[in-house]
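Undergrad: Sequence:
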Amino acid sequence: MFEFELNATDERARAGRLRLPHGIVETPAFMPVGTLGAVRGLHPLEVERAGAQIILGNTYHLHLRPGEEVVRTMGGLHRFTTWPRPMLTDSGGFQVFSLATLRKIAEEGVEFTSHVDGSRRFLTPESAMEIQYALGADIAMAFDHVVPGGADRSLAEEGMKRSLRWLERCRIRHQALTADDQDRQTLWPIIQGGTFDDLRRQSLEGTLTLGDWTGTAIGGLSVGEPKPVMHRILDELEPGLPRDRPRYLMGVGFPEDLVEGIARGVDLFDCVAATRNGRHGSAWTMQGRVNIRKAAHRTADEPLDPTCDCETCQRFSRSYLRHLFVAEEILGLRLVALHNIRFLIRIGEQARTAILEGRFQNWRREWHAAYSNGSETTT
RNA sequence: GGUGGGGUGGCCGAGUGGCUAAUGGCAGCAGACUGUAAAUCUGCCGGGCUUCGCCCUACGUAGGUUCGAAUCCUACCCCCACCA
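Residue 137 in the numbering used here sits at position 137 of the first sequence, and the numbers go up by one each step.
Honestly, I wouldn't trust all of these hints.
[As the list claims (entries may be wrong)] Here are the computed lysine to aspartate or glutamate pairs in the DMTMM-like style, where the Cα-Cα straight-line distance is at most 25 Å:
#1 K294 / E329
#2 K294 / E311
#3 K104 / E225
#4 K227 / E256
#5 K227 / E158
#6 K161 / D197
#7 K104 / E158
#8 K161 / E238
#9 K161 / E126
#10 K161 / E256
#11 K294 / E260
#12 K161 / E108
#13 K227 / E11
#14 K161 / D235
#15 K104 / D152
#16 K294 / D309
#17 K227 / D152
#18 K161 / E130
#19 K104 / E126
[As the list claims (entries may be wrong)] DEER-style ranges, computed between Cβ atoms:
#20 K294 / G23: 13 to 23 Å
#21 I330 / K294: 17 to 27 Å
#22 E3 / T299: 50 to 60 Å
#23 P239 / L155: 22 to 32 Å
#24 T101 / R365: 35 to 45 Å
It is worth saying that the hints were derived from the structure and are not from the lab.
Predicted model only: the values in this text are computed from it and were never measured.
Idealized CB from N, CA, C, for every residue including glycine.
Take these sequences, add in the hints, and give me the full structure.
TA: Shown next, in the form of structure tokens:
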């Protein structure tokens with residue numbers, strides 16, 4: 001279980017196959033985010049038909065609602081949500097960053113003020129493992145200390161070192177939890193270190209010293225730092241990352257980020273932008289970002305993206321989608337989110353095919369030439 | 001014909017002497033969103049310009065009172081309700 005087979009490489013880009021308790025994940029792959037046990041607004045069947053092989057859930061949020069005991073009682077996240085394929089739960093480490101105004105960090109763990117009811121919640125490396133084990137995803141993530149992209153060296157170092165210390169505690173607790181059934185869930189570490197190359201290297205070395213992980217995650221990127229910095233750090237880390245294990249770039253990203261991440265040896269991605277931007281009416285297309293609420297689409301009969309094979313583009317006109325948004329009909333949000341998810345998943349599929357056929361670099365060039373990452377210019 | 005109510009920026013709708021180019025909402029325009037406190041948030045939204053400011057034109061029409069009027073007065077036009 002948890003084996004990763006490297007099928008082909010093209011320079012640093014890789015095509016692989018990851019075996020998990022609930023199925024196989026062919027990489028590179030985008031993983032839609034379903035924080036609360038649902039990819040916002042979408043039916044599991046829609047997510048599956050969009051080509052998703054694995055989705056995320058969130059430890060902190062599911063701990064607050066409905067509580068891991070409910071999920072465990074209902075047979076675990078897979079049975080509870082009816083999502084039959086692999087799942088990964090994030091540890092709550094990102095909430096250390098995103099809920100900055102509601103938390104207090106100490107060496108023992110992090111105290112959160114619940115945004116749901118104001119109650120105090122304490123998350124530690126150990127409890128994060130216990131919760132994730134109860135949730136029952138295929139992959140559990142280490143509880144880490146994420147710092148902002150603009151963090152100075154001392155803060156970045158503090159977060160990185162604490163993440164390493166916490167990783168050791170995560171490993172011990174997770175090992176104990178899975179002692180009886182090692183095929184049930186695996187634990188992945190997260191590299192931190194902010195925007196500092198040497199801290200990143202230190203984090204990687206420290207992480208690899210602590211265990212023989214079945215996968216490695218890179219965290220703390222796309223949190224406010226400039227894009228070239230993210231590329232530089234990926235370039236810096238790639239040679240040191242275990243070649244025969246999947247690499248997961250957490251929280252990334254936008255279409256161009258996937259293409260560039262794949263080119264730098266990343267196998268897995270997740271990001272809320274697809275669903276969030278979709279709900280906000282912003283669609284990625286090869287022609288540029290489309291804001292579907294614009295009056296320009298009032299009677300536009302074409303799909304969001306004529307080159308897209310998603311269920312939204314196969315069936316609905318921009319005119320209808322715009323109408324749904326303006327009329328605040330929920331279907332609109334769902335359809336654009338679905339399109340965006342498919343847009344990212346398709347990048348993974350196309351990159352994989354290109355890598356397997358040894359023409360990834362060409363595909364990458366052509367993709368960039370064809371893709372406009374600004375707003376669509378109305379003709 | 002009578003009585004009462006009302007005519008405000010693309011639409012709806014506040015405002016009843018100066019703090020009003022005029023609250024709000026909608027529509028419109030522009031932007032943000034990257035391991036989800038987000039079906040959210042931000043800016044613009046009479047016209048023009050040298051746009052952290054200045055100049056025009058504005059609250060049905062015309063006149064009047066006043067230092068000053070969308071706000072008070074007069075006449076007229078139009079809309080709505082009820083009564084003849």
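Undergrad: Hint by hint, note whether the structure agrees.
TA: Here is how each hint holds up against the structure:
no. : hint                    : result
1   : K294 / E329             : holds, 16 Å
2   : K294 / E311             : holds, 22 Å
3   : K104 / E225             : holds, 23 Å
4   : K227 / E256             : holds, 10 Å
5   : K227 / E158             : holds, 23 Å
6   : K161 / D197             : holds, 14 Å
7   : K104 / E158             : holds, 15 Å
8   : K161 / E238             : holds, 20 Å
9   : K161 / E126             : holds, 17 Å
10  : K161 / E256             : violated, 31 Å
11  : K294 / E260             : violated, 30 Å
12  : K161 / E108             : holds, 14 Å
13  : K227 / E11              : holds, 21 Å
14  : K161 / D235             : holds, 21 Å
15  : K104 / D152             : holds, 19 Å
16  : K294 / D309             : holds, 23 Å
17  : K227 / D152             : holds, 17 Å
18  : K161 / E130             : holds, 22 Å
19  : K104 / E126             : holds, 17 Å
20  : K294 / G23: 13 to 23 Å  : violated, 40 Å
21  : I330 / K294: 17 to 27 Å : holds, 20 Å
22  : E3 / T299: 50 to 60 Å   : holds, 53 Å
23  : P239 / L155: 22 to 32 Å : holds, 26 Å
24  : T101 / R365: 35 to 45 Å : holds, 43 Å
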